[in-house]
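K.L.:
Chains as they are written, first to last, in our numbering: chain H, 336 to 520; chain X, 1077 to 1408; chain L, 1380 to 1878.
Note that these hints are calculated values from the structure, not bench results. The beta-carbon is built from N, C-alpha and C at its ideal position, and this holds for glycine as well. Accuracy of the hints is not assured; some may be wrong.
[Said to hold, decoys possible] Chain L regions said to be covered by chain H (calculated; three or more residues, Cβ under 8 Å):
1) 1546-1559
2) 1566-1575
3) 1768-1781
4) 1821-1829
[Unchecked claim] For the chain L half of the interface with chain H, some residues (derived, Cβ under 8 Å), not all of them:
5) ILE1543
6) GLY1600
7) HIS1603
8) ALA1765
9) GLN1784
10) LEU1786
11) LEU1793
12) ARG1804
13) TYR1805
14) GLN1835
[Said to hold, decoys possible] Derived BS3-like pairs (lysine-lysine); straight-line CA-CA distance at most 30 Å:
15) LYS1627(L) - LYS1300(X)
16) LYS1220(X) - LYS1236(X)
17) LYS1264(X) - LYS1395(X)
18) LYS1395(X) - LYS1314(X)
19) LYS1118(X) - LYS1351(X)
20) LYS1513(L) - LYS1220(X)
21) LYS1259(X) - LYS1236(X)
22) LYS1513(L) - LYS1239(X)
23) LYS1371(X) - LYS1314(X)
24) LYS1193(X) - LYS1343(X)
25) LYS1513(L) - LYS1224(X)
26) LYS1665(L) - LYS1627(L)
27) LYS1371(X) - LYS1513(L)
28) LYS1118(X) - LYS1173(X)
29) LYS1220(X) - LYS1259(X)
The chain contents come next:
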Amino acid sequence: MTMQDARKPDAASCEHPAEAGDHPAAAAAGAAPGRRVSDVATGFAIVAMALLVWAGTTGFADVPAALTQGMGPAAFPRLVLGVIIVLALWLAWTASRREALDCEPVHPMVYATVAAVGGVVGALLLLGIHGAVFASCIGLGRLWGERRLALLAVIAVGISLALHFAFVRGFGVGLPRGLLQGWLG
Amino acid sequence: MLAYCRTSRRGFAKAGLGTLGLAIALALPAGAAHAQEKFPSKPIEVVTHAGVGGGTDLTARMMMVQAPAAFGTELVVANKTGGSGSASLAYAHSRPKDGHTIMLITQTHLLTLLQDKGGAVKMGDLIGLARATEDPQVLMVGAKSPYKTAQEFIEAAKTKPMKFGTTQLGSVDHIAVAGFAAKAGMAKPVVVPFRGGGDIVVNLVGGNLDGALLNYAEAESQIKANEVRALLVFAPTKMESLSQTPTATEIGIPAVYSTTRGFAVLKGTPEDRIKVLEEGLIKAMQGKLFQDYLKSSGQSGGSVVGRAEWQAQIDDFLKTGQEALASLGIAK
Amino acid sequence: MDGFLSGMAILADPYMVGIILAGTILGVIVGALPGLSGSTTAALLLPITITMSPTAGIAFLGAIYCAANFGGSITAILINTPGDPSASATAYDGYPMARRGEAGRALGMSTIASAIGGIFSVFVLIVAAPLLAKAAYSFGPPEYFALAIFGLSMLAAVGGSNGIRNLISGAVGVLLATIGLDLMTGVDRFTFGVPELTEGLGLVPVLTGLFAISELLVQAGRLHIIPERLGISAMKLPSMADYRKCAKAIGLSSVLGTFIGILPALGATTAALISYNETKRWSKYKDEFGKGSIEGIAGPEAANNAAVGGSMVPTLALGIPGSATTAIILAGLIVQGVRPGPHLFNEQPALLYAVFASMLASNLIYVVLGLFGAKLFARITLIPDAILWPAVLVFAIVGAYGPNQSLVDVWVMLGFGVIGYVMRRYGFSPAPLVMGLVLGTMVEETLKQSLLIFDQNWLMFFTRPIVVALFVVTALSVCAPWLARSAGSLWRSAAKQGR
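I would like the entire structure built from these sequences, with the hints used as guidance.
P.N.:
Now the structure itself:
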């Protein structure tokens, strides 16, 4: 039990090529040749999103004249959006000074995990927190390659009981009940 | 959750899993056989719009300390924050109307209903059970303020727009400020919104604001330290804790404003259960603990009143609040 | 001094020691659990404390408050899930350290730094509470605005190495802070008709999503990589060299955290974020930050615990609570018939000193718990990913749901998990976003409040001495690297000419 994996924790999935050298794990895995993402593209994507949000600010409800004093509700968000747009254009403008990001393709397991998390939330909505505990521990655990089902089930039961006694009995903090328990109750 | 708790507890007892299981089973309100007829037959949920630790949340929890004895069952708080009470109204509406869900409401809920933001809950749907707190608002100024009396303040305010600290626009204290200014013939005040009473007190002392309508408890230590002056009380009679301060009526301004909290259920709850709830709540709030809580926040024990009086107050507020909102220009 | 000694005497009473011990242990546990925070616990247990004597009740709440702030760092370090928002800055460097197999070192440093910050602030509280409390009155909206701008000025430095990306990330955080009801007009902004969003995004679900869920997805993408195994010492505690390295960070952050805590509008989270920046700025090893710098743990942890003592200053001396938890402690005092205020220091010194004693004791107790527990907790990093992360997902869900009992918060958390993943993929650090989100509301509201107070005249900002001083410090700190460079080149050219 004194072994530990040395995967780099906070390195982003995209690397500047210059930095990729010190990422032995990625090199060892022989990652598929990545897609180059230039900061020009990133910058303009951000500008596009900012403009979309700006459009959203035009839909704010009108303030009755009697209450109008000083800056309106949309003024500050627009100010911030303006700053974001300027910064994003700056990012695009200075892109040539940096090397493009080398993005390795998203691993299929990420999509599978997103789907599994969706399943856990489904269980949460339908069966409540205890359903979610089992879906997560057994479903996601299995997906991630843990084969000892009995072990996973024991852990799920343990967490379920711990949550119930710590939160519901101990502190009186409610946990999601789910539709089924709502109907039964 | 409730269903789950009960089955698991019964399971424990049957299996005879020692004293823990037994103790929990004994804590159950009644034998399962009579559960259908008896009320309350399971823990009562108190829905508030305040987050854990807010003033309204605390009021609920203070009431709950002595409530289990009055009801013979436990109570739990459900904090449904958001939408100036509309989230809590929506939640209460989604629960069965069997009396096991009660709400702790404030004027905020009523204002939300007045603006038709209550979702499925409409104006006439609230049935009052008992009032919990009735905290009069008090006109306060900082110690460095040139105004020593309410008359001086009002006189100066006729020409100079005063800067008032309030909580968010359209809130109860904002309506009170606007109403007070109109009734006293003051120039339209500048309203500076803050997150809470504590911030307003700091800015009164710091001289950033000309005045504010606050509850006594919010500024008690500053009043005692002569850093804040209370000029006018918006209560029908003088406050015990501010015996020197005149009421608005006494100086010829017919204005009464207070922060009010009370319990309510939604229409559709059986009449006999409303009665049980009203009696239980009043018994719990007449306990020493809640009375101490009232006293320490500068309120009288008379804050706790029964259904009839509380319902009349709700109805009255729904009537006058409509006009107030209209005068602010924010009624729908 | 007599009062202090008589206060200390409560520590000879086994009942009181038991109460403080129970409060401390409970505080560490709820602090570590996402979804239960010190303030929630204090609110839930308030009715119980009323049945105790005033001294015991307040000592109990004080112990919970001190210990919960430390507990939050445990989960932040071990699973990148801040158990309490104030521990979010601790996750920036604590989690990389744990991943590197140095969980024990990180936890040990967090324990010691927390305790030093906490004890320092209690002494400040004892010596200077009535004097310092007046500082709170000097801070109105314009001063808070200047302070928030000072905090935001460090955005470029808080995240990864790319300045523009950090600024964009921070600006997005400020933008996200505008979600919800506009305080000034009551208009809904970006709420899409969801009532739960009118109060704004909850900090807890956003943090949990950005840190824990995005890390879950990053780990999912790395499962196929056979990790390089190396012998490690996860249970090893910090060395003397570590403490020496962090001494400056701890000292600086203790002072900064206490000061920020004293200001009623600011709390432990802001204290930790600003101290993280300052620690980085004054460090000799700036490059290590964000990659597992031990100073990056010492700074924010000393600060957020120092903020505990700091926020008790206005609570006890002015009756104005500086944080959610002190609001509940205030309620606890009031219900016991004790009304805080300047007079409290003359009228009830015994009770006050009992509170101080319990806070000191709590800080000492969790040092023992923390150093002993560090070795134990560090084993969590050795649990296989396929078992650990599904459990983290469950606790993240509970953590997001708990405070407001809201499923919307669970969705917010999951959404920010995906956003955090995408951000990290394209080289944006989530850390500046958190900073922007925490300070954004304050920037907007204090700006608007200031302008109302100033009759919309912007120039009035420069009539307030504290504001001017803060603006000058901000300008200096932004220009410092550039000034240092030009001064350096000037010096060199002067030296050349002189030679």
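K.L.:
Please verify that hint: ILE1543(L), Cβ, nearest Cβ of chain H, below 8 Å or not.
P.N.:
5 Å, holds
K.L.:
Going straight from one Cα to the other, do LYS1513(L) and LYS1220(X) come out at no more than 30 Å?
P.N.:
Since the Cα atoms of LYS1513(L) and LYS1220(X) sit roughly 15 Å apart, the hinted pair holds (cutoff 30 Å).
K.L.:
For the pair supplied as a hint, LYS1118(X) and LYS1173(X), is the alpha-carbon distance within the 30 Å limit?
P.N.:
Cα-Cα ~14 Å, so holds.
K.L.:
Three residues or more, CB to CB closer than 8 Å: is that satisfied between the segment 1546-1559 of chain L and chain H?
P.N.:
With 7 residues close enough to chain H, the hint holds.
K.L.:
Do three or more residues of the segment 1821-1829 of chain L come closer than 8 Å to chain H, measuring C-beta to C-beta?
P.N.:
holds (count 3)
K.L.:
Given as covered by chain H, does the segment 1566-1575 of chain L meet the bar of three residues or more with CB within less than 8 Å?
P.N.:
holds (count 4)
K.L.:
Does the nearest C-beta of chain H fall within a distance shorter than 8 Å of the C-beta of TYR1805(L)?
P.N.:
6 Å, holds
K.L.:
Just to be careful, I want the Cα atoms of LYS1665(L) and LYS1627(L) compared with a cutoff of 30 Å; is the pair within it?
P.N.:
Distance ~14 Å between LYS1665(L) and LYS1627(L) Cα, so the pair holds.
K.L.:
Below or equal to 30 Å on CA atoms is what counts here, so check LYS1371(X) against LYS1314(X).
P.N.:
The hint holds at about 15 Å.
K.L.:
Mind checking the alpha carbons of LYS1220(X) and LYS1236(X) for me, to see if they're no more than 30 Å apart?
P.N.:
17 Å, holds
K.L.:
Can you confirm whether the C-alpha distance between LYS1513(L) and LYS1239(X) stays at or below 30 Å?
P.N.:
23 Å, holds
K.L.:
For LYS1513(L) and LYS1224(X), compute the direct alpha-carbon distance and say whether it is at most 30 Å.
P.N.:
23 Å, holds
Violated hints amount to a single one, hint 15; each of the other numbered hints is respected by the structure.
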